[in-house]
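In order, the protein sequence lines correspond to chains A and B. Our numbering applies: residue 1 is where the first sequence begins, and numbers increase by one. Our numbering applies: residue 1 is where the second sequence begins, and numbers increase by one.
Just to be clear, a hint being listed does not mean it is correct.
As the list claims (entries may be wrong) - Pairs of lysine-lysine residues, derived as BS3-like cross-links and limited to a Cα-Cα distance of at most 30 Å, are as follows:
#1 Lys11(A) - Lys109(B)
#2 Lys11(A) - Lys37(B)
#3 Lys57(A) - Lys37(B)
#4 Lys57(A) - Lys109(B)
#5 Lys65(A) - Lys68(B)
#6 Lys57(A) - Lys71(B)
#7 Lys37(B) - Lys65(A)
As the list claims (entries may be wrong) - Computed Cβ-Cβ distance ranges for the label pairs, DEER-style:
#8 Ser7(B) - Asp62(A): 24 to 30 Å
#9 Lys57(A) - Thr78(B): 37 to 43 Å
#10 Val14(A) - Gly16(B): 49 to 55 Å
#11 Gly16(B) - Ser70(A): 19 to 25 Å
#12 Leu83(A) - Asp41(B): 34 to 40 Å
In short, the hints are calculated from the structure, not lab data. Note that beta-carbon positions come from the ideal geometry of N, C-alpha and C, so glycine has one too.
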Amino acid sequence: EAAVTQSPRSKVAVTGGKVTLSCHQTNNHDYMYWYRQDTGHGLRLIHYSYVADSTEKGDIPDGYKASRPSQENFSLILELASLSQTAVYFCASTSGVRDTQYFGPGTRLLVL
Amino acid sequence: GQQVKQSSPSLTVQEGGILILNCDYENDMFDYFAWYKKYPDNSPTLLISVRSNVDKREDGRFTVFLNKSGKHFSLHITASQPEDTAVYLCAAGENQGGSAKLIFGEGTKLTVSS
C-alpha cells in the first residue's frame, strides 16, 4: 500500500523562528507536493517537485522554501515563521497528475 | 483568483437521500477531474476521478458528471449514509510539460443526518 509519512505530526513554533517539515514516501513516485489547509480554503499548493534536486513554486509559495534531496524525501522550510503560517500542512505523492494523490497524515503547525 | 470553486461551503441531507456536489473551474486546459473525501483530523483520500474524454463515471453510489463546455463537474451520491459525513474536495489538473499540478476547491462539508 502507498505510504507517505510526515514529521513532526504537530509543532509549536515561535514567530521568526525556523521550521522544517519533513515528508517521506515509499511509493516510488516522482511527484511530491506540499499543501496547506485552512478553514474555507480547501488545500492550497505551496511547492511541488517532479524530480529529485528540483522544486517548483505552487500557488502560494511566499514565505516557504522546499527541498527534494532524493526521490523519497521532500521538505518544507519556513525560514522566518509568521503567525499567518499557522495551519495544517499535508504532503502528497503521485506517479502523475492524472493518478491518485496519496497524502500523508498532516502536520499541525501553530506559530505563536 | 480561485481556479476551482465549490459553490456550497456546506450541505445537509437526510439518510437515504440523493445529493449533488458542484464544482466549477476556469482553466479549459484541465483534463483530469477528481473528488477527494476528508474526515476530520484525517488526510484526503481519492473518491472518484474522470478524464476529459468521458462525460460520466460511476462507481457504486458515486457518479461524477463532467460538463466541459460549461467548465463544471459534479458528484452525485445516492442512498446517502451517515458515514458519508465528511468534507468533499473537488480538484482539477493538467499536465504542463514535465510538471503536474492538481488544483483543489475550498471544500463542501457534508452532513448526513439519520
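Hint says 37 to 43 Å; check whether the CB-CB distance for Lys57(A) and Thr78(B) agrees. 41 Å, holds
Are the Cα positions of Lys57(A) and Lys37(B) separated by 30 Å at most? Given pair Lys57(A), Lys37(B) holds - Cα atoms ~25 Å apart, limit 30 Å.
19 to 25 Å as the expected CB spacing between Ser70(A) and Gly16(B), which holds or is violated: With a Cβ separation near 49 Å, Gly16(B) and Ser70(A) fall outside 19 to 25 Å, so the hint is violated.
Mind checking the alpha carbons of Lys57(A) and Lys71(B) for me, to see if they're no more than 30 Å apart? Holds, at roughly 25 Å.
In this structure, is the beta-carbon distance linking Ser7(B) and Asp62(A) contained in 24 to 30 Å? 28 Å, holds
Given the hinted pair Lys65(A) and Lys68(B), is their alpha-carbon gap at most 30 Å? Roughly 35 Å between the alpha carbons, so the hint for Lys65(A) and Lys68(B) is violated.
Proposed proximity, Lys109(B) with Lys57(A) (alpha carbon, max 30 Å): The given pair, whose Cα atoms are some 29 Å apart, holds under the 30 Å limit.
Does Lys37(B) sit within 30 Å of Lys11(A), going by the straight-line distance between their CA atoms? The given pair, whose Cα atoms are some 25 Å apart, holds under the 30 Å limit.
How does the Cβ-Cβ distance of Val14(A) and Gly16(B) compare with 49 to 55 Å: does it lie in that range? 50 Å, holds
Does Lys37(B) pair with Lys65(A) here, judged by a C-alpha cut-off of 30 Å? 28 Å, holds
Does the Cβ pair Leu83(A), Asp41(B) satisfy 34 to 40 Å? 22 Å, violated
Take the C-alpha atoms of Lys11(A) and Lys109(B), compute the straight-line distance between them, and say whether it is at most 30 Å. 26 Å, holds
The structure is inconsistent with the numbered hints 5, 11, 12, although it conforms to all the rest.
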